[in-house]
Amino acid sequence: MEERWNELGAWERARQHDARAFASIFDHHEGRVFRHSLHLTESRHDAEDVTAGSFFELWRRREAVRLVGGSTLPWLLVTATNLSRNNRRALRRYRSVLDRLPRADSETGALFEPSFEVDRDLYSAMRSLNSVDGSLLILTAIEGLSVKDAAGVVGISDGAGRVRLHRAKERLRDQLQQHGEHIPALTGGNK
Amino acid sequence: METRMSRVFATAVRQELIDRAVAIPRVRRRRLWVWTGALVGAGILAGGGTAIAAGIWGVPGTPQLATLTAPVHVSETGTATVALGVAPARTNNVHLDLICLTAGDFTFPDGASDHCAASDVGTRSADTTYDMPAGPGQTSVTITTSPSAKWALTAGWTTATLTPWGTNSHGQTYGAQNSSGTPDLIAAEATNGKFGYVVASQLSNADGDTAALHFMSPAQALAWQKAHQGETETIPVYESDGTTKIGVFTVGN
Numbered sequence: 001m002e003e004r005w006n007e008l009g010a011w012e013r014a015r016q017h018d019a020r021a022f023a024s025i026f027d028h029h030e031g032r033v034f035r036h037s038l039h040l041t042e043s044r045h046d047a048e049d050v051t052a053g054s055f056f057e058l059w060r061r062r063e064a065v066r067l068v069g070g071s072t073l074p075w076l077l078v079t080a081t082n083l084s085r086n087n088r089r090a091l092r093r094y095r096s097v098l099d100r101l102p103r104a105d106s107e108t109g110a111l112f113e114p115s116f117e118v119d120r121d122l123y124s125a126m127r128s129l130n131s132v133d134g135s136l137l138i139l140t141a142i143e144g145l146s147v148k149d150a151a152g153v154v155g156i157s158d159g160a161g162r163v164r165l166h167r168a169k170e171r172l173r174d175q176l177q178q179h180g181e182h183i184p185a186l187t188g189g190n191k
Numbered sequence: 001m002e003t004r005m006s007r008v009f010a011t012a013v014r015q016e017l018i019d020r021a022v023a024i025p026r027v028r029r030r031r032l033w034v035w036t037g038a039l040v041g042a043g044i045l046a047g048g049g050t051a052i053a054a055g056i057w058g059v060p061g062t063p064q065l066a067t068l069t070a071p072v073h074v075s076e077t078g079t080a081t082v083a084l085g086v087a088p089a090r091t092n093n094v095h096l097d098l099i100c101l102t103a104g105d106f107t108f109p110d111g112a113s114d115h116c117a118a119s120d121v122g123t124r125s126a127d128t129t130y131d132m133p134a135g136p137g138q139t140s141v142t143i144t145t146s147p148s149a150k151w152a153l154t155a156g157w158t159t160a161t162l163t164p165w166g167t168n169s170h171g172q173t174y175g176a177q178n179s180s181g182t183p184d185l186i187a188a189e190a191t192n193g194k195f196g197y198v199v200a201s202q203l204s205n206a207d208g209d210t211a212a213l214h215f216m217s218p219a220q221a222l223a224w225q226k227a228h229q230g231e232t233e234t235i236p237v238y239e240s241d242g243t244t245k246i247g248v249f250t251v252g253n
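For the protein sequence lines, the chains are A and B, in the order given. The working numbering numbers the first residue of the first sequence as 1 and each following residue consecutively. The working numbering numbers the first residue of the second sequence as 1 and each following residue consecutively.
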């Protein structure tokens, strides 16, 4: 039986310069971070840059990363959100590396995920929110985090998180109602 | 829609992350000047990342190097010992200029090490200048590397003489921090790239050195660090006259 991957242990080893441990974190989360970035950017190329930049930031800011439930994924998703908001400026630090890395025009073996289309509406709505509110929404509605944990990842208090999330949902609901649309994730209270 | 990164790109990113993770940056590349132990981490000039090797030589209080022998140029793969010949009399320094030709780890004879990422190769970051005190009877230097790492070295015997600090019309000393201590005006690179001087007392206030004088316990020091974590302070950078402002220097805690 395959041993269950322990991300907390991998993260601790990675911080001690264990390259294999750090690579395992990339292996586990790159797909999710890329799909998240794909929703937030204009092209695959930009989404790849944002994904790579998020992991580069994970390493650069490793002493400040906040894990939720023993996982770096929420932090990565918030970082990707922030990087995607101002793609060019935010990624300037990594521009020379990103430009040097090889790209592929097209590859076979495409992976389709049913959830991609479902999430698309929510992401589309999220684009009208600021970075903090958008991250709160994604972390709670898609990643299933509690408001408290999501608030911690974006660096605000539990109470502020509840208020902001409530207002963000209200705002989005109003916008969507004007267009006759409904997104299930925008209904219900905040945990 | 394909919801997966290109495997070519993902593999390259993964390798880049591995390169970053294995790097233990004990040597500050291109910003390092180390000599005779007494100058290790020469304060703001080397340790603070405020001076560039090529730019510090004219600063009072920095060592002046005189080449005593023609430098040796070699290209090697893996760990190798480079013969420098017998050191002439008056030699007190070995000057090394190491260029990594592939990614890898490179350790100097005194144990200081440097890591070259694949992204450094072919750029200015691949070049590390390092100075070490010459040992008695020394005739060679050994560079220890990760297996199959390629590198080029230029090395030679030199003498290093510490130049004296300058004194301006206000009677203030100016120059680099060194084994003699700290001048009134410390050499620093402003955020705009200009070289100048910061007032030592202003720097001490900004970076916690002044506060440190009053710490009675490690707990107090930790509390100070925590309270000021993430803060940056900006102090002026002056010409050597101590009054003409040419830029600013930021101190992060």
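Misleading hints may appear alongside valid ones.
[As the list claims (entries may be wrong)] One-sided excerpt, in silico: chain B residues whose CB lies under 8 Å from chain A:
1) Phe9
2) Ala12
3) Val13
4) Arg14
5) Arg20
6) Ala21
7) Thr154
8) Thr161
9) Ser169
10) Lys194
It is worth saying that the hints were derived from the structure and are not from the lab. Since this is a predicted model, take the numbers as computed values, not measurements. Cβ atoms here follow ideal geometry from the backbone N, Cα and C, with glycine treated the same way.
Each hint, compared with the structure:
1. Phe9: Since chain A brings a Cβ to about 5 Å from B/Phe9, closer than 8 Å, the hint holds.
2. Ala12: holds, 4 Å
3. Val13: holds, 4 Å
4. Arg14: holds, 5 Å
5. Arg20: It holds, given that the least Cβ distance between B/Arg20 and chain A is near 5 Å, below 8 Å.
6. Ala21: Since the shortest Cβ distance to chain A is 4 Å, the answer is holds.
7. Thr154: violated, 26 Å
8. Thr161: violated, 38 Å
9. Ser169: The hint is violated - B/Ser169 has no Cβ within 8 Å of chain A, the shortest such distance being about 42 Å.
10. Lys194: Violated - the Cβ of B/Lys194 stays beyond 8 Å from chain A, reaching only about 22 Å at its closest.
The structure is inconsistent with the numbered hints 7, 8, 9 and 10, although it conforms to all the rest.
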